[in-house]
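Undergrad: The residues making up each chain are set out below.
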Amino acid sequence: MTFFEIAFYFFSAVLVIAATMVVTIRNPVKSALFLVLAFFSAACVWITLEAEFLAIVLVLVYVGAVMVLFLFVVMMLDIDLAEMRAGFTRYLPIGGIIAALLVAEIALVMHQSFLPADYLNPTPQGVEYSNTRELGEQIYTHYVYAFEIAAFILLVAIIAAIALTMRRRPNNKYINPGEQVKVKREDRLRIVKMPSDKPIDLSPVESPSSNEETS
Amino acid sequence: MHDFYLSLTQWLPESLQTVVWIMIKIVSIVLPLMICVAYFTFAERKVIGYMQTRVGPNRVGPKGWLQPIADALKLMMKEIIIPTKSNKFLFLIAPILSLTPALAAWAVMPFSDTLVLADIDASLLYVLALTSMGVYGVIVAGWASNSKYAFLGAMRSAAQIVAYEIAMGFALVGVLMVAGSLNLTTIVQHQAGGFWQWYFLPLFPLFLVYFISGVAETNRAPFDVAEGESEIVAGFHVEYSGMAFAVFFLAEYANMILIAALTVLMFLGGWLPPVDMAPFTWIPPIMWFGLKTSAVAFFFLWFRATFPRYRYDQIMRLGWKVLIPVTLVWIAVIGLAKFYTPVGFIFS
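Taken in order, these protein sequences are the chains called A and B.
Residue numbering for the first sequence follows my numbering, starting at 1 and increasing by one per position.
Residue numbering for the second sequence follows my numbering, starting at 1 and increasing by one per position.
Keep in mind that the hints were calculated from the coordinates and are not lab data.
Mixed in with the good hints, there may be bad ones.
Stated by the list, open to error - Okay, the calculated beta carbon distance ranges per label pair:
hint	chain 1	residue 1	chain 2	residue 2	range
1	A	Y140	B	I346	16 to 26 Å
2	A	F70	B	I81	40 to 50 Å
3	B	I26	A	Q125	24 to 34 Å
4	A	D78	B	M23	39 to 49 Å
5	A	I98	B	E14	41 to 51 Å
Stated by the list, open to error - Calculated lysine to any residue pairs in the SDA-like style (CA-CA distance at most 20 Å, straight line):
hint	chain 1	residue 1	chain 2	residue 2
6	B	K321	A	K30
7	B	K88	B	K321
8	B	K85	A	P177
9	A	K30	A	M75
10	B	K321	A	A150
Predicted model, so just to flag it, every value in this text is computed and none were measured.
For each residue, glycine too, the CB sits at the ideal point set by N, CA and C.
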């Protein structure tokens, strides 16, 4: 076994175990962390398959940004997994049917494109082969319209998400940074000049308040 | 060098030979890096000391030069206290999660034209992906500690890093548009010819954005709300002691050196001398790289001694409403100028 093969099987095993843990473990935060591990080992598997651009982007986008936000939310929610699992047996038949359908679909597609006798195993590329450049050329020349349409759909989705959550919050203590910057010292600060202590009155006084001197 | 190694290890099987050779290369990068990190902590205490008209540590060894070693020994001797009801495994793995990406990113760092461990094609993306993973150490530490202060620190850090990650990524998009490559060695080679060829001039806004985001990404002052001593005690590492704390400490300083080195590679010409002439070319390239990195790293210390901590909403505003629009505008400027105007040559 070469070094690459050992790495491939090691990370594949980690990926399968982590993915199983995601759905079986009871704690939602640990489940999210196992999902991170699954993404990471999937990226490692992709690197052994010479898809380094996809692997790095998987880590950058999913591990570096999406899962951080996901953890952020999961950590603050008090999710009771026992309650969520209550209907497990009730939904098992319909869930099982959907799972079986998905597996069948994937198997059909795989069978169509990878199993025919004329399908050749891809030959490993040399060191100077640039996966990133190849991918960029494909996306921006052959598939540029599909790519632009996908980008546009994403943009629409972002705008829709913002429009759905944006509402007037009258109780929000909104800060106007422009106003804060424009504040001058005179607006906030008033200097009151007063003597640090009162001058002692040395002249004799008859008032009863000064009788402590006599004792 | 490699032939000599092969003659020494003929008795090993071939795959194991490769693994051991890679290990030797890793150690020869990480060991000097760790020494740099140790003396960077010393430099910080000295520099901030002089900036505040103090002397800084000067008792251990000649002029205090053994201070980092004394600190390391002290932290190693101390007990690691694990809080009750914390998640022990995650609690102990969190410091490792924050140190590993900071060290692993050095695998693709070119120290000179030829001196690089792994000259991979997408090294810029690789570095960006790894630096974005450092936040897991902070988040996991904050959650596993079972402490409110640690948890607050983790939440702050997560929100802050997601915001600044985007600005950082866009700043790098500008660099790769100008260089036309994702490979750090090629990016530096494109800047050859003198300091007026370095990318900090045509990409000045992106240079500033990248460095500011870098300071925020490393949780350093003035963006150190994740620790915020005066607000949430010590933030995410409030429950850590001994070596577990020391590893967090190492990760922070290793990350600072990493960001400084990346800034030098992408904007300040890497190992290239400022003027391609006799007195400057006498200094070897790796020395130039070290000098520039130290100069940029000095700014981290200078910032800490100068600026008060940002308020949390100000950090969010700066990240989302100032830095990201600046990068977006400058990317459009680069693209338009490069292909539609006669001044496109400054961006190529």
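Undergrad: The hint says 40 to 50 Å between F70 (chain A) and I81 (chain B); measuring C-beta to C-beta, is that right?
TA: Since F70 (chain A) and I81 (chain B) have Cβ atoms about 30 Å apart, the given range 40 to 50 Å is violated.
Undergrad: Has the hinted range 24 to 34 Å been met by the Cβ atoms of I26 (chain B) and Q125 (chain A)?
TA: holds (26 Å)
Undergrad: Falls inside 41 to 51 Å, the C-beta gap from I98 (chain A) to E14 (chain B)?
TA: Since the Cβ atoms of I98 (chain A) and E14 (chain B) sit about 48 Å apart, the hinted range of 41 to 51 Å holds.
Undergrad: Assess, step by step, whether the Cα of K88 (chain B) is no farther than 20 Å from the Cα of K321 (chain B), and give holds or violated.
TA: violated (39 Å)
Undergrad: Hey, K321 (chain B) versus A150 (chain A), does the alpha-carbon distance stay inside 20 Å?
TA: violated (26 Å)
Undergrad: Within a Cα-Cα threshold of 20 Å, do K321 (chain B) and K30 (chain A) meet the stated pairing?
TA: violated (34 Å)
Undergrad: Hint check: K30 (chain A) vs M75 (chain A), CA-CA at most 20 Å. Holds or violated?
TA: Between K30 (chain A) and M75 (chain A) the Cα gap is close to 10 Å, so the pair holds against 20 Å.
Undergrad: Taking 16 to 26 Å as the stated bounds, is the beta-carbon spacing between Y140 (chain A) and I346 (chain B) within them?
TA: holds (24 Å)
Undergrad: Is the straight-line distance between the alpha-carbon of K85 (chain B) and that of P177 (chain A) 20 Å or less?
TA: At roughly 42 Å apart (the allowed maximum being 20 Å), P177 (chain A) and K85 (chain B) break the hint.
Undergrad: Just to be sure I understand the hint, the distance between the Cβ atoms of D78 (chain A) and M23 (chain B) should be within 39 to 49 Å; is that true here?
TA: holds (45 Å)
Checked against the numbered hints listed earlier, the structure breaks hints 2, 6, 7, 8, 10; every other hint is satisfied.
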